[in-house]
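Engineer: This is what each chain is made of:
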Amino acid sequence: MANYFLRRLMAMIPVLVIISIFVFGFVHALPGDPARIMAGEDATLADVEALRQRLGLNDGLLLQYFTFLKNLVTFNLGNSLRTGEPVYDMLARAFMPTFWLSFCALAWSLVAGLFIGVFSATRHGKAADRLGMVVAVSGISMPNFWLGILLMQLFSLKLKWLGTSGFETASDLILPSITLGTTVAAVMARFTRSALIEVVREDYIRTARAKGLSARIVIWKHALRNALIPIVTMIGLQFGFLLGGSIVIERVFRWPGLGSVLVEAIYVRDYAVIQAELMLFSFEFLLINLVADVLYGFINPAIRYK
Amino acid sequence: MNLIKKIAFGGALILSTALTPVMAVAASLNIAMDATVDTLDPHDSTRNAVSSVSSGILERLIGFDKDMKLVPVLATSWEVNGNATQFTFHLRKDVMFHDGTPFNAEAVKVNMDRLADQSQGLKRNGMMRIISSTEVLDDYTVRIDLSKPFGAMLATLAHPSIVIESPAALKEYGKDVSKHPVGTGPFKFKEWIPGEKLVVEKFDGYWKKGWPKVDGVTFLKVKEAATAVAMLKAGEVQYVDNMSPELVKSVAADETFKVLEVPGITVWTAGMNMFKPEFKDPRVREAFNLAINKKAMIQVVFSGHGIVPDSPLAPNTAFYSAQKPYSYDLEKAKQLMKEAGYENGFKIEAWGRNTTQETRMLQMLKQMLAQINVDVTIYPMEPALRTEKLFGTTKPEDQAFGLAIGGWSPSTGDADWHLRPVYGTEGWIPKIYNMAFYSNPEVDADIATGLSSADPEVRGEAYADAQKRIWEDMPVIWLATDSKLAGADANLEGVYPMPDGTMVYSDAELK
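Chain order of the listed sequences is R and U.
Every letter in the first sequence is one number past the one before it in this note's numbering, and letter 251, counting from 1, is 282.
Every letter in the second sequence is one number past the one before it in this note's numbering, and letter 480, counting from 1, is 583.
Please note: incorrect hints may appear among the correct ones.
As the list claims (entries may be wrong) - Derived DSS-like pairs (lysine-lysine); straight-line CA-CA distance at most 27 Å:
hint, chain 1, residue 1, chain 2, residue 2
1, U, K498, U, K311
2, U, K326, R, K189
3, R, K191, U, K326
4, U, K311, R, K189
5, U, K352, R, K191
Unchecked claim - With beta-carbon atoms standing in for the labels, derived distance ranges:
hint, chain 1, residue 1, chain 2, residue 2, range
6, R, Y298, U, V403, 19 to 27 Å
7, R, Q84, U, P175, 33 to 41 Å
8, U, V403, R, A60, 54 to 62 Å
9, U, D220, R, V294, 31 to 39 Å
10, R, L47, U, D248, 54 to 62 Å
To be verified - Partner residues are not named here, just some residues of chain U that face chain R (Cβ under 8 Å, in silico):
hint, residue
11, T139
12, A333
13, M334
14, F360
15, D413
16, A487
17, T496
The set of hints was computed from the structure by calculation and includes no laboratory data.
Here the structure is a predicted model, which is why all the values come from computation and not from measurement.
The beta-carbon is built from N, C-alpha and C at its ideal position, and this holds for glycine as well.
Put together the whole structure using the sequences plus the hints.
Structural biologist: Shown next as structure tokens:
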């Protein structure tokens, strides 16, 4: 098991190298000259040239790529072209807010999604099922910035229960995680429902029923456990997606997370920051996939790792 | 399982801190800003946001009052020689930097030397390239010598980025002074979390006795306009910088808040590319100016918060002189197009940024120019892409655009830094900002005359002539001058937007 885990970790290295080539190529292929943008509209041509020299943008592309690779390996990640601040510090500062927000959003949406999914699946085709799915589809369809602003109007301005935005205390997590998790909850509900509907048609469920087990045990223990494999895959994907930071939610709730760092960096073509952040996202995805693979073994002991 | 336990424990910890009430600090001020502060060294920044937050920490020799008129700050008086090459300043004697370093002629020299030294690679070195030397005459008198006459020097020294920083701090921190600003202002720097907030606190040794009147100011970065207004209404901030015009009504409706509106000095234009044969005909350029209903444009783009330009310069710019506006007149525009042989119009591209405002400008240009049969294809571009396309080539004849939207604000508040970059031959993009590739030797001569003297009469005369000629030549469509807007708590005094779009908070007072 540990062996398997280690081998998978090692296998990430070539994948990450290939990703680094794509990331570097993509970032440098973006039209727009960082020096020109950072010098400002009223800069003269000479000012722009001086800045380009200072930022090291006149170096050859290959040299720039190897500097990037070296920085990745040594974990120093280089400095922001815009502020000169170490990229590592920028990402470290923004990571925890994004992590907590993703975690809270995922946690509640998972519980809600599972319950709505099971509720709908066990009443398949009935009015209650349709009600569950109407709730889910509304959650998917509602623009979340709009929901965010509505929640803020209600809880911060009318009721004055919560602050409008920012991340100073844990209660600041409530509104953004509700907003961010709504879509995830809806996706999870629909996914759980369809996975479960498929499983309850299986023979072993009929057998369990025939043994005289209660409906609750059949559904929650036998059916759900078998439906869990695709659901775990989905959770992994959703979590990876949430960890990328939400640009819209972060903007509405003034959340100091990775999404805003990335957007700001793209505006000014801050190569070092964009590259490091894209690499971080790729690494997170690989890691989450690995964890999901390992979890399969716990869910279904029939799965073995070699 | 262990990991899950750890995470759960961390969550519990965070939740427990949530229950601790936040203590409100008396007479402290919170300000919402939409723009990013990326350095605290104004010598190395071209951003308004940096000028705004620095204005309470770092001071200049000369500053601007509310109407962009020059006023003494760290200099009490000054003399200029006849051909504007020697500027002598008499300094305040009772001033100290936040780190205890005395303010004197030597401190001014250190700063001017830093700005003049082109090898520093600072974004504002270009502005002070003209300085040849700075001499300390005595402890409180300093003379700046220029390599050639520069009549706009006083206004340039009043520019928000030409601040005097503590020489001790410059020595100690070097480039890192961008994170440790030490000035003579009413507030000293306390804390900065980039992209999130900046905190300044009262400086007890401030030279203006009795000031500042608040204990501290916290600047919060708020990108979303609706959130900023919600924060104002929830009492989390007392001031919203650069408020979106759409939200003015919602703030004005509540009498516990007020809306501050200041006529801006940004003039929005659509430059007409003079390398396109159609625009070589002055009748076409006039038709374009007459076919645009500017009042309607201001209504749509700025929710009515702006004025129709009546000169290449905005009214609050020094040496502005009003011309006769080109009022909306579709019939005459059609007539002019017919006379020029373009009755059936032609096709052009119009370029701008994909911001809400510029996209609307482009859409309105397209609609209105369709009335004179001009078929406009609009390109609202991601800002960096637009910069690349406009400033990426040194060959004007290769530029594909017919119209290019631009908004220029002369941050020195002086005619020179509007006319020279936008209408001077030396300003042709990519060099500065002349996107029409307009060139008129008489205008260039006026600009040169304006720079050759610091005498307001000589300069005023030259700039009046330049404005008249540019207005007659119509190299651009003058679209709008937008107001600078802010929302504030009704009890807050002394914080306001400047015509150049920066914010001043040194005189903040909660009544």
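Engineer: For every hint, state whether the structure bears it out.
Structural biologist: Against the structure, the hints come out as follows:
1. K498(U) to K311(U): violated, 53 Å
2. K326(U) to K189(R): The hint holds at about 22 Å.
3. K191(R) to K326(U): holds, 22 Å
4. K311(U) to K189(R): violated, 42 Å
5. K352(U) to K191(R): holds, 22 Å
6. Y298(R) to V403(U): 19 to 27 Å: holds, 25 Å
7. Q84(R) to P175(U): 33 to 41 Å: holds, 38 Å
8. V403(U) to A60(R): 54 to 62 Å: This hint is violated: roughly 36 Å between Cβ atoms.
9. D220(U) to V294(R): 31 to 39 Å: Between D220(U) and V294(R), where Cβ atoms are some 35 Å apart, the hint holds.
10. L47(R) to D248(U): 54 to 62 Å: holds, 57 Å
11. T139: holds, 6 Å
12. A333: holds, 5 Å
13. M334: holds, 5 Å
14. F360: violated, 13 Å
15. D413: violated, 24 Å
16. A487: holds, 3 Å
17. T496: With Cβ-Cβ at 12 Å, over 8 Å, it is violated.
Comparing the model with each numbered hint stated earlier shows that hints 1, 4, 8, 14, 15 and 17 do not hold.
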